[in-house]
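Q: Sequence:
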Amino acid sequence: MRAVVYKESLSIDHPEALIDHELPDPVPESMDLLVRIEAISVNPVDTKIRRLVQPDGARVLGWDAVGTVVSVGDGVTGFEAGQRVWYAGALERPGSNAQLQCVDARLVSRVPQSLSVAEAAALPLTAITAWELLFERLGIALGKQSHGEVLLVSGAAGGVGSILLQLASRLTAATVVATAGRAESREWVTQMGAHHVVDYKQPLAPQLSALGISAVTHVASLTHTDAYISEFVELLAPFGHLALIDDPPALEVAPLKRKSLSLHWEFMYTRSMFETPDMAAQGRLLGEVAALVDAGVLRTTLQKVVGPIDAANLRAAHALIERGGSRGKIVLVGFQI
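The sequence shown begins at 1 in this note's numbering and counts up by one.
One or more of the hints may lead you astray.
Keeping only pairs whose Cα atoms sit at most 25 angstroms apart, straight-line, the calculated SDA-like set for lysine to any residue is [said to hold, decoys possible]:
(1) Lys304 x His224
(2) Lys201 x Pro255
(3) Lys304 x Thr276
(4) Lys201 x Gln303
(5) Lys48 x Glu275
(6) Lys144 x Ser262
(7) Lys259 x Asp247
(8) Lys201 x Leu256
(9) Lys259 x Ala237
(10) Lys304 x Asp294
(11) Lys144 x Arg299
(12) Lys48 x Phe274
(13) Lys304 x Leu115
(14) Lys257 x Ser209
(15) Lys201 x Gly212
(16) Lys144 x Lys257
(17) Lys48 x Tyr269
(18) Lys48 x Arg2
(19) Lys48 x Ala90
(20) Lys259 x Ala215
(21) Lys304 x Gln191
(22) Lys48 x Val306
(23) Lys201 x Val306
(24) Lys304 x Arg2
(25) Lys304 x Ala316
(26) Lys257 x Ile213
(27) Lys48 x Gln303
(28) Lys257 x Lys304
(29) Lys201 x Asp294
(30) Lys48 x Leu320
Keep in mind the hints are simulated off the structure, nothing from the lab.
Construct all of the structure, not just a fragment, from the sequences and the given hints.
A: Set out below in C-alpha cells:
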C-alpha cells in the first residue's frame, strides 16, 4: 500500500520531513477493523510527534480518518465490510496517512450521513477531545437547566475550540466566552457558538467585567496555558475548574490552592493507550456526535482542503499547523491513482 511516513525528525521545510513510501498491507487483529482510507485531517499531535519522536524505521502518522471497512477481526461485532466509518485511532499504532489502516473497533463509529468525507474527517479527534474535556473533565452538565456556569475557552478558534464551542453552547446552559485576536477569528468563534468574545492580547478581567461577568466557573485552556494561568486563577470563582490539553514546559499550580481550584488534563489517547475498561466509550461518543451532526445540532469545522493524501500536501498541512493561528481543521482527501 501507499503511505506517507517519516524516517527521522526533521524541520518541515526539509524535503524528507515526510515522504511517500510503499508498505505491506496491514493485517487486522481480533478486535480490529481494516479500513480503506478516504480522507484524513491534520492535528497538532501529528506535527508534535514528527518533530519530537525519533522513529524506529518508517512511521505512519495521522489520527483522524474517514474510510470504508474492508474486513473485520473475528472478535468484532456491529461492523461489516462496506460500511463507512470515522475515528481518531490510537497514538501508538500506525496512523491514517496510508491507503489502509487497522483500528480497534471500540474506537470507531458510523460516519454522519449528512457530511462529505472531507467534512467528516475534520471532526473525530477534536470532537472526542472536546467532549471528554467538557463533560468528563470539567463536569459541565448536559441540558439547558441553568447552574450558573460560565465557561471561558482560551484558544477557541482552533480545531478543538471550534467543536467545544458548539458542544457547550448547544448542549449545555453555560455562558460561553471565547478568546480570539484577529477579526476573522472573532467571526469564526461567534459562528461556532460563543456568546461573547474577548481579545486574548488584552487583559481579560476588564473585558469580562464590561460584559457583566465578575468571575468564570470553568476554563478550557487549549494553548499557551503557562502564559495565561495567572489570569485564569484571577478570573476563576472559588471551587472553579481549569482544564488544559497542551504541554506547557512548566506550570505553577500553587496559586490554585487559595480558591480550592481543580486542575484537569485531557488526553484523548488515555483510553486506547491503557486499554481502559471503558475504552468503547470513544466509539459510542463518536456515534452520539454523528447523530448530532445529522440532526443539524453540530456542524463540521472543516476550514481547508489542501489536496489528495501525499507527502507534499502533508508537508504543506504540517507547515500551516506549525505556523499557528489557523481556524478549524485542515483536511486531505483521497490518493491519486
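Q: Hint by hint, note whether the structure agrees.
A: Hints and how they fare:
1. Lys304 x His224: holds (24 angstroms)
2. Lys201 x Pro255: Distance ~22 angstroms between Lys201 and Pro255 Cα, so the pair holds.
3. Lys304 x Thr276: Roughly 34 angstroms separates the two Cα atoms, so the pair is violated.
4. Lys201 x Gln303: Status holds; Cα separation ~24 angstroms.
5. Lys48 x Glu275: holds (23 angstroms)
6. Lys144 x Ser262: Judged against 25 angstroms, a Cα distance of about 24 angstroms means the pair holds.
7. Lys259 x Asp247: holds (24 angstroms)
8. Lys201 x Leu256: holds (23 angstroms)
9. Lys259 x Ala237: Judged against 25 angstroms, a Cα distance of about 7 angstroms means the pair holds.
10. Lys304 x Asp294: Judged against 25 angstroms, a Cα distance of about 21 angstroms means the pair holds.
11. Lys144 x Arg299: Status holds; Cα separation ~20 angstroms.
12. Lys48 x Phe274: Within the cut-off at roughly 21 angstroms; holds.
13. Lys304 x Leu115: Given pair Lys304, Leu115 holds - Cα atoms ~15 angstroms apart, limit 25 angstroms.
14. Lys257 x Ser209: Roughly 24 angstroms between the alpha carbons, so the hint for Lys257 and Ser209 holds.
15. Lys201 x Gly212: Judged against 25 angstroms, a Cα distance of about 20 angstroms means the pair holds.
16. Lys144 x Lys257: Answer violated: Lys144 to Lys257 is near 31 angstroms, above 25 angstroms.
17. Lys48 x Tyr269: holds (15 angstroms)
18. Lys48 x Arg2: holds (23 angstroms)
19. Lys48 x Ala90: Cα-Cα ~15 angstroms, so holds.
20. Lys259 x Ala215: Holds. Lys259 to Ala215 sits at ~12 angstroms (cutoff 25 angstroms).
21. Lys304 x Gln191: Holds, at roughly 17 angstroms.
22. Lys48 x Val306: OK: Lys48 and Val306 at ~20 angstroms, within 25 angstroms.
23. Lys201 x Val306: violated (30 angstroms)
24. Lys304 x Arg2: holds (23 angstroms)
25. Lys304 x Ala316: holds (12 angstroms)
26. Lys257 x Ile213: Holds, because 22 angstroms separates the two Cα atoms, which is no more than 25 angstroms.
27. Lys48 x Gln303: Distance ~21 angstroms between Lys48 and Gln303 Cα, so the pair holds.
28. Lys257 x Lys304: Answer violated: Lys257 to Lys304 is near 42 angstroms, above 25 angstroms.
29. Lys201 x Asp294: violated (37 angstroms)
30. Lys48 x Leu320: holds (13 angstroms)
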